[in-house]
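*Asks:* Given chain A, work out where chains B, C and D should sit, using these hints.
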Amino acid sequence: MTNCAKLPVESGDVNDALRGFFSGLLEQGVVQAVFLPMRQPDGIMVMHTLVRDPEHLEGLDPLAPVTPTSAARLLSSLTFRKPGYRIAAFLRPCDYRAYVELVKLKQADREQILVVTTDCEGRLEPKAFLELVSEAGDRTAMAFHERCARGDDTLQLLQACRVCEHPAHEGADIGLRLFGADPENELVLCGQTDAGAEALEALGLEEAGEPEGRSKALQAVIADRTAKRDAMIEEYRDKSSSFAALRDVLKTCINCYNCRAACPVCYCRECVFLTDTFRHDPEQYFRWAGKRGQVKLPTDTAFFHITRMLHISTLCVGCGQCSTACPMDLPVMELFRTAASRAQPCFEYEPGRSPDEPLPLSVFEDREFLDLTAE
Amino acid sequence: MEDRIGFYVCHCGSNIAGKVRVEEVRDYIAGEPGVAVARDNLFMCSDPGQEMIETDIREQGLNRVVVASCSPRMHERTFRAACQRAGLNPYEAFHMVCIREHCSWVTEDENEATKKAIDLCRAGIHRVPLQYPLDAKVVPVNPNVLVVGGGIAGMQAALDVASAGFKATVVERQPTIGGHMLQYDKTFPTLDCASCIGTPKMVSVGQNPNIELLTYSEVEAVDGYVGNFRVRVRKKARYVNTDSCTGCGECAEVCPVTRPNEWDEGLKERKAVYRSFPQAVPITFAIEKKDRAPCVLACPAGINVQGYVQLIGQGRYEDAVRLIMERLPLPGVLGRVCPHPCEAQCRRAEVDQPVSICRLKRAAADRVDLQSLPKPEIEERDERVAVVGSGPAGLSAAYYLRLKGYRVTLFEALPLLGGMLRAGIPDYRLPPEVLDREIDYILGLGVEARTETRLGLDFTLSDLKDQGFDAIFLGTGAHLGMKLRIPGEDELDGVVDAVDFLREVNLGRGGAPGRRAVVIGGGNVAVDAARTALRMGCEEVRIVYRRTREEMPAYEEEIEEALAEGIEIHYLTAPVRIQGKDGRVTGFDCIRTELGEPDASGRRRPVPVEGSEFTISCDAVIPAVGQRPDVSWVREEDALPLTRWSTFEVHPDTLQTGLDGVFAAGDAVTGPATVVEAVAAGRRAADALHAYLQGGDLSSWELTPAVPEQTGEWAEIPEGTAPEARAEDELLPVEGRAASFGEVSLGLVEAEARREALRCLNCGVCSECMACVEACKVGAIDHSARDEIVDLDVGSIILATGFNLIDPTPMTRFGYGKYPNVFTSLEFERLTNATGPTSGEILVRDAEGRFDRPPESVAILHCIGSRDVNYHEYCSRVCCMYALKYAHLIKDRVGEQTAVYNFYIDMRCFGKGYEEFMNRVQGEGVKLVRGKAALVTDKAEDPEEEGRLIVIAEDTILGKMMRVPVDMVLLCTAMEPREDALDVARMFGLSLGRDGFFLEEHPKLEPVSTASAGVFVAGACQGPKDIPDTVAQAKGAAGEAISLSAFGKVEVSPMTSFIDPDLCSGCQTCRELCAYSAIEFDARRGVSVVNEAKCKGCGSCAAHCPSGAAKVSHFTDRQVFAEIEGLMA
Amino acid sequence: MSEQEPIIVAFVCNWCTFTAADLAGTSRQKYPPNVRLIRMMCSGMVDPKYVLKAFFEGADGVLIGGCHPGDCHYINGNYKARRRVALTKEVLAQYGLEEDRLWLRWIGASEGNVFAETIREMTEKVKALGPTELKKELVA
Amino acid sequence: MDAVTPFLEVTEAIKELGGEDLERCMQCATCTGVCPWNLVRYFSPRGIIRLAQFGLEGFESEDLWRCVTCNNCVIHCPRGLRIIDILRAMRMMMNETGSVPPSLKGPLGSASNRGNPWSGDPEDRTAWAEGLEIPPFEEGVAHLFFTCCTQAYDARNQKAARALVRVLRAAGVSFGMLTEREQCCGDAVRKMGGEEVFGKLLENNMGLFEEKGVRSILTASPHCYNAFTKDYAEFGGDYRVRHYTEVLDEAIDRGRLTPSIELGKTVTYHDPCYLGRHNQIYEPPRRVLRAVPGLDLVEMERNREDSLCCGGGGGGLWNEVPADERFAVLRVREALETGAEILAAACPYCIIMFEDAVKTLGKEEELRVVDIAELVLDSLEEA
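Chains as they are written, first to last, in our numbering: chain A, 1 to 375; chain B, 10001 to 11129; chain C, 20001 to 20140; chain D, 30001 to 30383.
Bound-form chain A, shown alone (with noise of 0.2 Å):
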């Protein structure tokens, strides 16, 4: 049902081009807000932005490959209890799934949203971001997008958009084609939903059609993440076999509770491991250390990161924030997206496929797991 539309790019500025289609979205009054990555004041860093007035777009740089924390995060401190006002908001498809589990959680809205997406060709390590914006500047975007569509593999992508099999989501109300398509010279933008093609026919966009090579492009970035997907996991299945393994694992883990900050479905208030269940007596201490001869501090390290899997494996997305922010670079993603990779198949259940699927733990059938209990 996607009816795209055309915007005009004039030499090659894309972002001068998305400039008009966002303040085009203001001015005709679609949504009264903006929320998408702009510039920082010093030119490098990008973050996202809440923009009402369509003179403050001049920074704007959505489709820089770089988010410092889960846009769904931000955006779900905007939408928990349901905005007055509508918001065009442009989200990868990780935060748009991320987003979704959070609508389920009732910590966002889904109404008062446009959410604008687009083919994901995956984000860079902070480092390597930084190095391609000092060579390529304002360009940065496009920069980064030729050497995907050449195929570069240098690019020190994330570790998570490597093995990422959602690069699009036909649930988003507005999706940018960049797989197979040629953004430089026009950028096409797709109706997924009511509410996206009625935001495209009240710009009055000119008709367009899907990119001719873009679903045979799509599936091939899907089926090569997949299969980095698959060895991945099998990887980390061998990695962490074994409790001595998976502490061998996050040997080096200081308990900073970092991967949980940044984790967009991890939605506690206050984290339970930072509530006095766990602030053990000292006496409790003193009587491990009787029974097994010694123990290690900070404790309930191996028990916190299991915690967290039977908390949210269901839940996981496989963003990469955890990875990122931890100050110890450990394989946190690799650990709960092998996690994710045994709990989301044994209840048939995909996080951010659609808002009407119920959360797993807050349903049963009558007869299920009948093996489980011996029946």
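Treat the hints as calculated values from the structure; they're not laboratory data. Careful: at least some of the hints might be erroneous.
Said to hold, decoys possible - Think about it this way: if two alpha-carbon atoms lie no more than 25 Å apart in a straight line, the pair counts; the simulated PhoX-like pairs of lysine-lysine are:
1) Lys20136/C / Lys239/A
2) Lys291/A / Lys20127/C
3) Lys10939/B / Lys30363/D
4) Lys30015/D / Lys20030/C
Since the model is a prediction, treat every value here as computed from it, not as a measurement.
*Replies:* Just chains B, C and D now, kept in the frame of chain A:
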């Protein structure tokens, strides 16, 4: 203030100390941090034990107490009370560790038992400091009590509750209270007569102002908690108003339908309107209704077939005709020509053959002079309705419109009224006098008839409007014959269409078509034409039909009669050409056919066979290949929409044509169809016209269905229903029959009709023949009653739902169901009861099942289905005693010399006065054979045993096989739970024991309370027991309920959940998980909040909440973690 | 009982399995001493992190006992427990926790013999598997 | 004082040998009541158990050897006791002291020395299959066709066995035979209390089966079926065992075997105790009979679990029983009462007992005793 824990380990005599070295446990725990005092004691639960705790708390300043002894389910309350007496908060201070049921009693090795005990105690010591104060929640108790089941247990409980001044509501599934006990005659051991001691209880329950009686009712749903239950009860429709019914029983006298009476275990009959037994409370009757019978559903006119068949069975022909005429004005006519689709559905076919319903309708009509029926009062209206066409549709519409008070004028083109009934159907099937009689009755109601006035010729539709008719009904039928479209059809003399031929003959104007006639077609019209031609003098009449006998649409009996009259039928023959010489028919060319693929109508298309032409010499050809309405009269300006088969296009429900106020029905709308469908459509049109004339908006008008929705449930067909041949009506002898138009079928003789009607199986049970309505002097009967839902608010519930008896049929070796004189105990109780099948006489049955003579000897077999791992392992406790009672009753009633043998394993006469009763009965000469009866057979081995039942058993005392020939065998069948025990248990929150009865909270200490607080059990529903124990339990349960009601408030476990608003992120998953919807969402603060009144503390929310915001008090994460850490340290 | 005797921590629902354990006791059924009962109001109250805590504290097996589906005192607590245990088993299986170390069983209030039989069976299975890796290694 | 004193050592010994259920007998006498013996004479298993409960002499009387293990008492016992095992335990004690009735000495000795109770030469074990070229059982062959000793050495049963082989071949069943090393399944031997002899037979057979990789066994006799499913399982034997009527039933159902010739006979079927009451196989034999065109199957009053035993089990085949006490005679009379011309059997023991009974009653003309396989063969258009 640091922890000061008092630890007490109990010896429990040798129960714990026998295996667990309690001193070692005491000393180990003494060393644990926080433990201020560690003692052991022989019996902690004893008063000295408790005092020791209290004094330690006061003197040693303890703030925690841990007792290691038996299961907390036993004495947690005792020790909490001790702590409370000593000033501590019972929930904060106390924790109990079970080292008896879970440790000493189940462990062989002493060391392992002691180690396990230590671990368990240490867990308690770690947990108790983390407990915090909780105050028991007190909720008000609604003083009303619900008693489920009106047997002796329910009645006794209700009476006790009422006498304590509280209101009890008794819900009983049967139409009367009384239960099993009131089915008995005498009761052991005192031989009190059951009704003498039972009926006073029933009467006082019936009259007690504090007891509300809901009989013929069932509980459908229960929710809420102790003190505050809300119970939904379905009061099943009784169809008898309990206030006005005096229980006189007149209605039962006239009710034609009999059913086996459940109260008499099926040994005696009762009527569809019935009372279980004379002393029933309430005294009022009830009517058993199942779904409308299949025949009623099949009748296009929706006549209550079962109703009039039953009335005919009673010889009440006028009532039958009146019932028929509610849906159909021409009983006599339809009794002769209806295709009777009802008979195709009659379930009697499952036994032998369907009931001959159509002939029965005729039998009734022929025996009633319509004029003698009381004139229906008609409330005159001034609107005028023109009914065009006096066929079945027109007559029906005219009749019902007239009954509604409209001034009806009937227009008929032909000189005589009746349409197809007159002109189509020959006299030998429908004598004109029958038709006239019924038409005159209709006219007699004030319908004005104008014959020989043809629509389109003598008047037009607009004329009618001008003449002031407010509405018009078109019943013009389908009188135009269809053409054969073969050469020679039009131009030759001797070719006459069947419809025209029949009309002319029936109006007395026609002559013989010729000497040798050929009729073409296979329907009723063709057969009628052929037999009429025969009667008009044709020497030879043949019917030519393109397909085979099976496909012929004519009625089976008509074809039979035609063949019998010598008419020849050529199957698989199709018309080709009619030959003629100088304008006259001389022959008829036709061709053989074969049946090919089925056509659109599903009938197989006849395909001509090459070169098989042949000629039939004849001088007359009568085509009868279908009719269509004559719509030549319709003019342009009438603008009457027609279909391509030239029938009127009408709205399917209202039957209104395209023209406002013009309705139509019958063959003119459907094309040629059956008479009954036309009559039914005429009645529907009358309803619609009535609505139209009252200015009703017809757009939303719906046909009120003749039959309410169905649950798909009919009376089961009793086994062993003897097959009886279906009554066939007498026909005129074949010879000479074809020479006259005298009616061929003479109908059923009265005796045969009455007998045929009694073959009806009464599928719907109550046949709604309304006989009872007339018989009831106070007008208490209301067949339109519906089930009622009643919501009760009660504080406590007493379940007294009783028991069932096992069905001994599968135990083939005892011969129950095979030999008529093998009875279950309950069946024998009914034999001894004065209101039973034999009015209290103990008799045995002859081969046909009739009780005729007293037995000379009786065998009573104990333990049938009890004490048997293949059926019920438990002993039913009551059989030995009632077996002795039976022995006494037989000796007393039938006579001293009657031999009574009891085959037993152990005589269990444990109760007060029981042994004395056995002593007395043995004195009266009952023979006790110590050996379970193995076999009951009728295979005699010597003359003495001929015709009697032989019980075979080994007498283990004699060490010999015994063969005891007797006339009657009584099986002491096991008491077992009700078949719906599991559903009832789940509805009230109980569980079932291994024996399938309701599980009490504790077999010894809490026999009448259950796991579900506020729900008590009494009587056999909790396990097999006799009346004394049942009454004792009933008084116990009443005591429990009264203590709740009297105290007015009850402590509810404070261990409910609560949500910490600072931690809650408002994801509301807990709200979705909560089974009691006890969690609401506070949108303003964006957090979920627990409604503590509704929360039962199950912890579903707490176990899910990742942040730990939702906690259950007394089972918080910290407390459980501490317990685990203590366990494994 | 020497050190290497396996310990099974059993979270048992108060209304059904705890009562069945009482019944096994009153009818003096003998079963191995390796099990330690922790009373929960419902199997639906068992938070997956309790199972984790038991294993990390050195338990060799964890049994969760609940009422038969349909018999739960709180209508459907046992159905929720079933999904939570399924998830816990799936996640812990990744770290080598064998199938027979974590059991969920429906044991009714009147099934003392079933309780004893289940304990015998599970002790046998857990004994065959030997001590858990967590018990040997110090993984806090 | 003329009294008896309990001698509980004997009771303990009986319990040791598998008779422990005797303690839970409540002496209700159902077993005596339903035991077929009491149709002809007084026989009280209850009485024998009573003596065993107190270890009193008298249980070793002649009656101990009368039980034909028909299982009727076991399925009706209200305490669910394994009565056959109690009596068998007492018989084992008698075997240990060598005091076994003379009629059983022969079969027990022959089974011990010659591997079959019929004193048949082990070499001739497969002689009955002469000319049928039954392939030996080895890798790739689906089922082992286990020859029952009675079929190997009894002439009448050899005929039935040959018919069965031809029918199985027509049904395309892949089966093979073992050599002479195959010995008696030991059911009768064990039921006579010859536990030691049974052990020898079992070892031989299980070793042979192990050696040849036998997984699936096809038996002609319900006794072999029962031995391989129950007795061998006690010693770790785990085989898929099927009685031939089940195999034929499945073949007919799958259309691989279609009896076509009309036989035009009325037949009644006798449920052998070891197929019916012991193993609840009632319907397959009846479905096979119904599949044969022109066979009108009529049921005797005592059918399925109420069937009356032919008297051959548990050593009954070898016991001397006066004519008026033989169950087979009663059963043949019942068959005649149904008006059937054929009494269909599915067990070699039944065939011997019924053939003898028909002769005793002189009813050879009116009633033929036929094995089901023979009936099926008669109805097959064999190439």
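*Asks:* Run every hint past the structure and note whether it holds.
*Replies:* The hints, checked one at a time:
| no. | hint | result |
| --- | --- | --- |
| 1 | Lys20136/C / Lys239/A | holds, 20 Å |
| 2 | Lys291/A / Lys20127/C | holds, 21 Å |
| 3 | Lys10939/B / Lys30363/D | holds, 23 Å |
| 4 | Lys30015/D / Lys20030/C | holds, 22 Å |
Of the numbered hints stated above, none is contradicted by the structure.
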